[in-house]
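Participant: So that you can map any letter, position 164 of the sequence shown is 164 in full-length UniProt numbering, and since no number is skipped, the others follow by simple counting.
These are computed hints drawn from the structure, not numbers from a lab. Don't take every hint at face value.
Stated by the list, open to error - Computed beta-carbon distance windows for the label pairs:
#, residue 1, residue 2, range
1, I197, E373, 40 to 48 Å
2, V325, N19, 25 to 33 Å
3, G114, V555, 23 to 31 Å
For every residue, glycine included, the Cβ atom is placed at its ideal position computed from N, Cα and C.
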Amino acid sequence: MPTTQKPKKKTTKRTRKKNLVIVESPSKAKTIEKYLGSNYKVMASLGHIRDLPKSKMGIDVENGYEPHYISIRGKGDVIKELRKEAKKASHVYLAADPDREGEAIAWHLSYLLGLNPEDKNRVVFNEITKDAVKNAFKSPRSIDMNLVDAQQARRVLDRLVGYSISPLLWSKIKKGLSAGRVQSIALNLIIQREKEIRDFKPEEYWTIDAKFKKGRTKFEADFWGVDNKKKKLSNEKDVKEVIEKIDKDKPFNVINIEQKERKRMPPLPFTTSAMQQTANNNLKFRTQKTMMVAQQLYEGINIGRGGAVGLITYMRTDSTRISSVAKHEAAVFLHENYGEEYAASKPRQGKLSENAQDAHEAIRPSSVERTPEKMAKYLDKDQLKLYTLIWSRFVASQMTPAVFDTMRVDIEQNGVQYRANGSKMKFPGFIKVYKAATSKDNLLPELKVGDEVDMVQNQPNQHFTLPPARYSEATLIRTLEENGVGRPSTYAPTLSTIQKRYYVKLVSRKFEPTELGEIVNSMIEECFPDILNVDFTAHLEDQLDDVEEGKEEWVRIIDEFYQPFSKEVDNAQVKMDKIKIKDEPAGIDCEICGAPMVIKLGRYGKFYACSRFPDCRNTKAIVKEIGVVCPKCHKGQIIERKSKKNRVFYGCSLYPDCDFVSWDKPIGRDCPKCSHYLVEKKTKKGMQVKCSNCDYEEAIQNN
Numbered sequence: 001m002p003t004t005q006k007p008k009k010k011t012t013k014r015t016r017k018k019n020l021v022i023v024e025s026p027s028k029a030k031t032i033e034k035y036l037g038s039n040y041k042v043m044a045s046l047g048h049i050r051d052l053p054k055s056k057m058g059i060d061v062e063n064g065y066e067p068h069y070i071s072i073r074g075k076g077d078v079i080k081e082l083r084k085e086a087k088k089a090s091h092v093y094l095a096a097d098p099d100r101e102g103e104a105i106a107w108h109l110s111y112l113l114g115l116n117p118e119d120k121n122r123v124v125f126n127e128i129t130k131d132a133v134k135n136a137f138k139s140p141r142s143i144d145m146n147l148v149d150a151q152q153a154r155r156v157l158d159r160l161v162g163y164s165i166s167p168l169l170w171s172k173i174k175k176g177l178s179a180g181r182v183q184s185i186a187l188n189l190i191i192q193r194e195k196e197i198r199d200f201k202p203e204e205y206w207t208i209d210a211k212f213k214k215g216r217t218k219f220e221a222d223f224w225g226v227d228n229k230k231k232k233l234s235n236e237k238d239v240k241e242v243i244e245k246i247d248k249d250k251p252f253n254v255i256n257i258e259q260k261e262r263k264r265m266p267p268l269p270f271t272t273s274a275m276q277q278t279a280n281n282n283l284k285f286r287t288q289k290t291m292m293v294a295q296q297l298y299e300g301i302n303i304g305r306g307g308a309v310g311l312i313t314y315m316r317t318d319s320t321r322i323s324s325v326a327k328h329e330a331a332v333f334l335h336e337n338y339g340e341e342y343a344a345s346k347p348r349q350g351k352l353s354e355n356a357q358d359a360h361e362a363i364r365p366s367s368v369e370r371t372p373e374k375m376a377k378y379l380d381k382d383q384l385k386l387y388t389l390i391w392s393r394f395v396a397s398q399m400t401p402a403v404f405d406t407m408r409v410d411i412e413q414n415g416v417q418y419r420a421n422g423s424k425m426k427f428p429g430f431i432k433v434y435k436a437a438t439s440k441d442n443l444l445p446e447l448k449v450g451d452e453v454d455m456v457q458n459q460p461n462q463h464f465t466l467p468p469a470r471y472s473e474a475t476l477i478r479t480l481e482e483n484g485v486g487r488p489s490t491y492a493p494t495l496s497t498i499q500k501r502y503y504v505k506l507v508s509r510k511f512e513p514t515e516l517g518e519i520v521n522s523m524i525e526e527c528f529p530d531i532l533n534v535d536f537t538a539h540l541e542d543q544l545d546d547v548e549e550g551k552e553e554w555v556r557i558i559d560e561f562y563q564p565f566s567k568e569v570d571n572a573q574v575k576m577d578k579i580k581i582k583d584e585p586a587g588i589d590c591e592i593c594g595a596p597m598v599i600k601l602g603r604y605g606k607f608y609a610c611s612r613f614p615d616c617r618n619t620k621a622i623v624k625e626i627g628v629v630c631p632k633c634h635k636g637q638i639i640e641r642k643s644k645k646n647r648v649f650y651g652c653s654l655y656p657d658c659d660f661v662s663w664d665k666p667i668g669r670d671c672p673k674c675s676h677y678l679v680e681k682k683t684k685k686g687m688q689v690k691c692s693n694c695d696y697e698e699a700i701q702n703n
């Protein structure tokens, strides 16, 4: 009897559901996925996925200032893919940046993906390292609605200001203009500084620089006063009176010596604005570039076998606080690499400013063991420069002070006193690491009271007081921060906006207002004085910070601002005069139709245009000739041009027929050594003439 075989059961392979993690950027996603392992899928939202519409205000002022959010155009495929993966996932985690913007992104994602914002699906970490990320996933939390409301309040407020004033500027001046809370104050500060410069009246003053000799050793001293009283030299007559008192044949006597030990304290670790300022001053980085490179260092750099790792902590912070773990790691590193005397037992701690939120610790390396020397082969030039600055600043902040021996010597003859100051580094302390703080010794000879010294040179110099300096990116950020205007995340976009609108331009790394900027500022000044009131804006910022801490209702703050502001807008519609920016005669004719050309003011500055526009659309850039014939074609003139990044370079006027270009300014002479053209190059000591081809150079001409 045949045996009947039981049919085999079909085996189905179960696919294990993965956890979905959503971050903002692909590079951050790649780094985090490596740490979390195969049970997690990490995707990027590519920043915000919902925002207010661009075509209209999008705020319902009649119904509690409710914002009308829409999905951002172009993000449809991203949202579709995120929804698809969220449905398949066993759990969805929202791991956007640990700040207001990140919290708002998480909230918008929870809305679009149908998640409950009260569920514990929000994960935050201050640094993208394996331990920090894994620890964060052990304790997820719900979305912090105070942070969301704080971001939403700022967004609504900026929209109400921008979308109320901007249309006025379009109708009264020209299209494409804008206004905003922080950008309008930044512009106003630049213009007020320019007015101070224009109104400045220089005052004459003199100094007398001298050289003395003790034995064979010479040293420098400056005139200090007469008969033990400090004397100001206001004019040449004052100088002559002093010089006439001096007997050239008699020595000076040392009448007083003060020797002290001076300590120079280490700097605090970086806040966002301090990093932006230092990178601007030391590395010549624009603010946007600093933040872009810092973002790359934070999100993760591939360091070979170790894979991608975040090299620095979160780069948007207003705190100088350092975690105890990081302090301990730095202390061990300093003991092992520099010695006990370099590690501070109690590192310097800064005081929080009144406006600081202290949400995150200071910007520091995620591991002090990853020295710039070890990381150099994995970083590009700009990344290495910024990482070195951040690493050395943090390590320096955990070190002992530098110690200097200082010496002050007073020298006198016939009642005329000169003063010499000397210093010598006794112990480098933090300067051993933080090269940005390096200082040179100024040594004086061995002197004692009663010694005689001979004057070998006495040089009077006339000076005039200088006007206040124009703002650089660094000094403008510092001024905004000191006045409590804006927050760390707003400075870079603010400076970018006022340049894009052509309200200001950077000349030699300093801000100068344009004619358009001055027109816009005067109209805002006249019709919206509160917008330009630093104290008013700083108080508003404080109120918005209170929303973040749950102390204030955001709708009440917005209403308190908007009610009087909306009346100012209505008044401005009537009060504000229409301004027509007149075209200037260019003094040349159009080569196409023969009509006179005029100078017009466009979005990117002034340019030549045909006066018959729109019948003739001929336009030309305004160029500046430097009076040098092109060294390549020997026909065209060398003209000054500007790159897309506003950097000056020099090219031939016959371009594209002649493609000569140079970053350095040709001077119209050839090199006596190789016959190539000579150029001017700016050095720390002034302008220097160098050959464009060989090593020939001429003496430096000081500015």
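Participant: Evaluate each hint against the coordinates.
Facilitator: The hints, checked one at a time:
Between I197 and E373 the beta carbons are some 44 Å apart, a value that agrees with the proposed interval 40 to 48 Å. The hinted window of 25 to 33 Å between V325 and N19 holds, with their beta carbons roughly 27 Å apart. Under the hint 23 to 31 Å, the C-beta atoms of G114 and V555, about 26 Å apart, fit the expected range.
Going down the numbered hints, you'll see the structure goes against none, and every one checks out.
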